[in-house]
Structure formats: structure tokens, C-alpha cells
Amino acid sequence: MNKIFNSINLIPEIQWVIAIILAILVFATILFWFWNRIKPSKLVDEMQLRTKSWWLMCIIFLFASIVHPVVTYLALGFLSFLTLREVYSLLNLREVDRSVLFFCYISIPIQYYFAFKGYYTLFLIFIPVFMFIIVPFLLVLTGETKDIIRSMCILPTSLMLGVFGISHLALLINFPEMNSNGVSGKALLLFLIFITEANDIMQFVWGKIFGKHKILPRVSPNKTWEGFIGGVISTTIIGCLMGFLTPLNIWQLIAISSSMAVFGFMGDAIMSAVKRDFGVKDMSSAIPGHGGILDRVDSLSTTASPFFHLIYLILITS
Amino acid sequence: MKKIILIIIYSIFWKNFLKIFIGLKYVNEKTLKNKKQFILIANHNSHMDTMAIMSAIPSRYIHKVHPIAARDFFGGSLFKKILMRYLVNATLIQRDRDDPNNDPIDSMNKMLKKSRSLILFPEGSRGIPGVMAKFKKGLGYLIQRNPEINVIPVYLDNVYKTLPRGKNLILPYNCSIKFGDPIKFKSMEMDDILLSSEKAMQKLMK
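Those sequence lines, one after another, are chains P and F.
Residue numbers for the first sequence follow our numbering, so the first one is 1 and each next one is one higher.
Residue numbers for the second sequence follow our numbering, so the first one is 1001 and each next one is one higher.
Hints listed in this document are in silico derivations from the structure and should not be mistaken for laboratory results.
The model shown is predicted, which means the values in this text are computed figures rather than measured ones.
Virtual Cβ for every residue (Gly too), placed ideally from N, Cα, C.
Simulated restraints, written as ranges between beta carbons of each label pair:
id, chain 1, residue 1, chain 2, residue 2, range
1, F, 1098, P, 149, 47 to 55 angstroms
2, F, 1132, P, 266, 41 to 49 angstroms
3, F, 1167, P, 244, 52 to 60 angstroms
Capping the alpha-carbon separation at 25 angstroms, the derived lysine-lysine pairs in DSS-like fashion look like this:
id, chain 1, residue 1, chain 2, residue 2
4, F, 1025, P, 52
5, P, 208, P, 281
6, P, 52, F, 1019
7, F, 1033, F, 1184
8, F, 1019, F, 1206
9, P, 281, F, 1203
So these bits of chain P aren't anywhere near chain F, every CB distance computed over 10 angstroms:
id, residue
10, 14
11, 68
12, 184
13, 201
14, 214
15, 216
16, 219
17, 266
18, 288
19, 306
20, 318
Whenever a hint applies, use it, and build me the whole structure from the sequences.
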């Protein structure tokens, strides 16, 4: 235990972020508390529930990300596991797929091990190359071909979003190029998660206040052009303000934050469509006010890998 | 000694395993907390059912709770018998009532008189998931003889997906175990007992 806490070595930038996050949470809690006293409504109740869940998620996340890296890896791996479990519980897979699901779960520790060791190439190809071929073949081995194409699509896609995407967060932490010359992987991780979640919140807030023109009327009635554009602009501004966490200059920051906002929106939209197809509003009820784990990490699973590779490109070319 | 083994197996191992890895959610399990003796009736689709119910029982009196199992299925070899006796705390009974010296109702009744609690699967055996089979009459006989004991319905929602019939690989699946309130019987008629317990289960299913 001592060993874990002794390795807490926070650079001033990370201390700033923690202070900012806590300040936002305190502000939101007080704001909604007063709002509820002055003008109670269903919306405020929901916001209070959401804020409460945010407290819990932030505390768990900050704890997991600032103590020993091994804890961070285990926590992120567990997040991948929860995501897969939620997908497989919802999507009603065939009973013969069970044995293949086992291999999907097994791929989580392998992928995170590669991330932990920093085996960049293996990390990159394990799921998109090897699992992409192995999983359908394992499905073929079950011998049941009825509806096999559905499972063949669902399993690799779930691995790509739930394991490959999220594990890029873990790769940030001790990837050699990300942790030298004054670049801190932990700071980059905080930056990514901060702007992704800020983007979610901003799109939600702008949509709630100004939303008129639906952007995806048949998929998600809550998503509007106003929310999308307002979200992208405010995320870009937030990204520039939080730029002290990254080694990027202002133009790179603008490019990265705005593309993260768009990628985050895409992840959200993809999951909305999946939920619509299955006729559910939320994936599960794991997080009060937010829905399931996947309702929260959907945008993260699509921003993590583009973010990592864009930053990597910038770092090796500059 | 037996109590310690059971606490380690169920209250510590299975409870955490089911909660963290399998994704089992306990709903209203506190209803068991201040009841000394009870009969739990549950739907039965998988071997995980017993594990899920046992893990929800307060460790204080877990050694006094006995799942009822069929002798012809679980009592095959001596090894199986010992396993069932010490690791599951099960009571093995005859499925049929042909032998008057070995009446299953009598042996369950004896357990209740010794202030033990029982876990019963009144459908008789693992049925089709999602379909509640007619409850066996044994439950009715038992309640008629012990009308003062709390009968608590337990519904296992999707628990069978973690270990379906005929499979031997346990996999995670978001599922839940719901405890109801003690059933109130209108009268001690056989039909009434079975009907109200089936109704209580249907209510939990929703």
C-alpha cells in the first residue's frame, strides 16, 4: 500500500487539473442545489443525480489515474470488461457464442499487457488484425451457421470499441515517446478525458438551451445542430485553456480539440443508433442519471485512439 | 467449522465474484436481515441459482439455511454427497413419495422443526428460462404443516445466462436477484397456497 502512495508524484499541471475538476463539481453541486430551491423541476432533479454520479466517477477516476500506474491499468482494464459485459448482456447473442465470448474477455488482459509493456506494434495489431480473424473463425468452429453473420459483426466491433479504443488511454501512460522531453502521459490522459467529457456536457447543455434543428432526427431526438456546433466551439476553447497539459502549440490544440469534439459526437451517435435498434433508452442502469457504463464511455471509446495517434504523429514530426 | 467454510465460500468468495465479475445485482436482499426462519422459493433454470441465493443470505445464520436438492441427481456418488453436504449445505431428498419411510415432505418438515430455513425450487427441476412452470404440491404440504413460517419469493432474473443448462463455462452477464416480501396466504387450502405463491413470483418477474 505504501509503495502505491509513495509513487504519487504530481507535477503542478496535474494538481491544477484536479483543482479545476473539484471546483467545477462544487460549483455544479451548489448551482443545482440553489436552482432546486428556487425553481424545482424534473430537469434539475436529473441534473442533481447526474452531478452526484459525476462526483463518484471523478473520484474513482482521479484516484485510479494518480496512484501507481498498475492501478490505472487495472482500472482501465476493468472498464473495458464492464463495457463488454454490458454489450453482451444487451445484444442477445446466440448460446453457442458463449465459448467465443470467453476469448473476447481473455483479449482484455492481453491487450492491456501489451499497453503496459509498451509493445507498440503488438498493441496496435492484436485486435484489428489477429482478433479480427480469430474471432470469426472461432465462431465458425462452433458449427452453427444460423445468424452467424450477426455475431461475426458484433464481436469484433465490440472489441474494437470496448477494448482497442479504451486501451489507448492506458497506452498513453507509459508510452516512451509520450513520457520524455517534458511530455507527461498522465497529463495527456487527463487532457483527453477532460475535453471528451467536457464535450459531452457542452453538447448536452447547448442542445438543452438552444436546441431547435435536429441533426439526426431518426436516431436521437436529443442531438441538435445547435448542440453540436456549440459543443465543438466550446470544447475547442476548453481544449485551448487546458493546453498547459500538453506540449502542443495553439494551432495544434485547436485542431486536436475540435476533432476530438467531432469524434466524441460520432461515438455518441453510433451508440445512440445501437440503442435505438434495440429499443432501449440506456444500456443499463449502472450509473444513476447517466444510464449504463457504455452511455458514459461511448464518446471516450472513439476519441481515445484518434487522440493517441494524432498526438503521436505531431510528436514524431515536430 | 461448517459455518466458517460456508461464510468463506458464499459470503466472501461467491458474493464478490458474482457482484464484481458476473454482474449480479442484489435487489431488496435486506428483507432477509431480521428474519430468523424462512422458506425461500425461487425459479430454477441453472446451477448458478443456488449460488446466487446462498451468497445473498446474511452470514450470521448461513449455516442454518439448506437448499433442497434431488437425491437422484446430486446424491450419485459419495464424493458428490459430501460436496453437497459441506460445500452447499444442501439437504438431499427423494423426488417421489413412493417410499413412506422416506417421505421428502417429512424430512423437510423435520428441518423446519429444528428451526432451519429452506431454499426450495417449487418448479421441481430446471425449467425453460422465462417460463414459470406449475409449482409442485410439496410446497403446499410444507406450508400447511408450518403456517407460521415466512415464505419469501425470490426471482432470479437472467441468472441462468451465466451458466445455461448443459454448459459448464461460467460467463459474466448483467443479471439480478430480486427478493419479495413474505407471502400472505388467504387460507391454508392447497390451491390457495400454490396460487398466491405463483402470483407473488409473477409480480417479481415484472
